[in-house]
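J.: One letter stands for each residue in the lines below.
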Amino acid sequence: DSGVTQTPKHLITATGQRVTLRCSPRSGDLSVYWYQQSLDQGLQFLIQYYNGEERAKGNILERFSAQQFPDLHSELNLSSLELGDSALYFCASSVDQGLRVTDTQYFGPGTRLTVL
Amino acid sequence: GQQVMQIPQYQHVQEGEDFTTYCNSSTTLSNIQWYKQRPGGHPVFLIQLVKSGEVKKQKRLTFQFGEAKKNSSLHITATQTTDVGTYFCRNSGGYQKVTFGTGTKLQVIP
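Heads up: the protein sequence lines correspond to chains A and B, in order.
Numbering follows this note's numbering, in which position 115 of the first sequence is assigned residue number 115; successive positions increment by one, without gaps.
Numbers given in this note's numbering equal positions in the second sequence, counted from 1, plus 1000.
Since the hints were derived computationally from the structure, they do not count as laboratory data.
Mixed in with the good hints there might be a few duds.
Each computed DMTMM-like pair below joins lysine to aspartate or glutamate, with the alpha-carbon atoms no more than 25 Å apart [what the hints assert, rightly or not]:
#	chain 1	residue 1	chain 2	residue 2
1	B	Lys1105	A	Asp1
2	B	Lys1036	A	Asp1
3	B	Lys1036	A	Asp40
4	B	Lys1036	B	Glu1054
5	A	Lys57	A	Glu75
6	B	Lys1036	B	Glu1067
7	B	Lys1057	B	Glu1017
8	B	Lys1070	B	Glu1054
9	B	Lys1057	B	Glu1067
10	B	Lys1059	A	Asp1
11	B	Lys1056	B	Glu1017
12	B	Lys1036	B	Asp1083
13	A	Lys9	A	Asp29
14	B	Lys1036	A	Asp29
15	B	Lys1051	B	Glu1017
16	B	Lys1059	B	Glu1017
17	B	Lys1057	A	Asp1
18	A	Lys9	A	Glu75
19	B	Lys1105	A	Asp40
20	B	Lys1051	B	Glu1067
21	A	Lys57	A	Asp40
This is chain B alone, in the form it adopts within the complex:
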């Protein structure tokens, strides 16, 4: 079955440093979505990418979909303590079963 892996599993950064998490699928994705889960909270939808090579920005967050639609990345510029949480990717659309990535837990040191 489809597997969606994320790296790294954990990341500690100093406040102000950049952060990137990568999402890799064993099969081609129709679309990809990114979610953020704050400590003690529930996952919240951030963004969806649909097209091959697509790049979207939300303030300090940059999301990219790979050309082959088998990988994606989320980059945060100049992290802040409010960025703390776990970031998940997941497949979306098509006939594929729901699969969330393994998640990357971000800790920001003030």
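Pulled out of the complex, with its shape left as it was, chain A reads as follows:
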């Protein structure tokens, strides 16, 4: 158990819909990262938040957005869903005390999104 929680575990929805994925980082971790992993694919970095502010952006679509709240939990919002958005979405957290740090990432169990 990494200490990172994600809800829900599974989500089945239809094309065009909007969903929200939730992540609670490990206690004390200030950074939250979101990744997308399609079937048998690698980890695509989407976005990183640090202490409530966006720190870095990866290959995140305009239909996707995220935020980190004052209690440090984060939400990833996916809208106008397409079949190709079906994937495993991981959240990870790290202590991240500054910019030049060795930031070991602790991953949550993931949310499996299926778009029908």
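Assemble the complex: chain A is given as a structure, and chain B must be docked to it using the hints.
T.: Positioned in the frame of chain A, the structure of chain B alone reads:
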């Protein structure tokens, strides 16, 4: 932007054989980390390498950082079925954006 490639993409080995995966970056890495993802699981941190030419061992696993800090390798001696999974490298530290390698999927045949 920075790219981190891993080879091979897939590897099937007989139990007891050795296995090596290589991680190559287009730019110099500050540090490198290795993660393992079991089938149906999430990535789990294995180790971090910081210094040029650094070698670290964890039981049957040997991790190496290249002298130029642009490549790394993970070698498993005498594979076991518990080694099955996908191994990822990623850049760490510095001001670089998070980049995970493409991953190497290891299958161990008993």
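J.: Identify every previously stated hint that the structure contradicts and give their numbers, smallest first.
T.: Failing hint: just 15.
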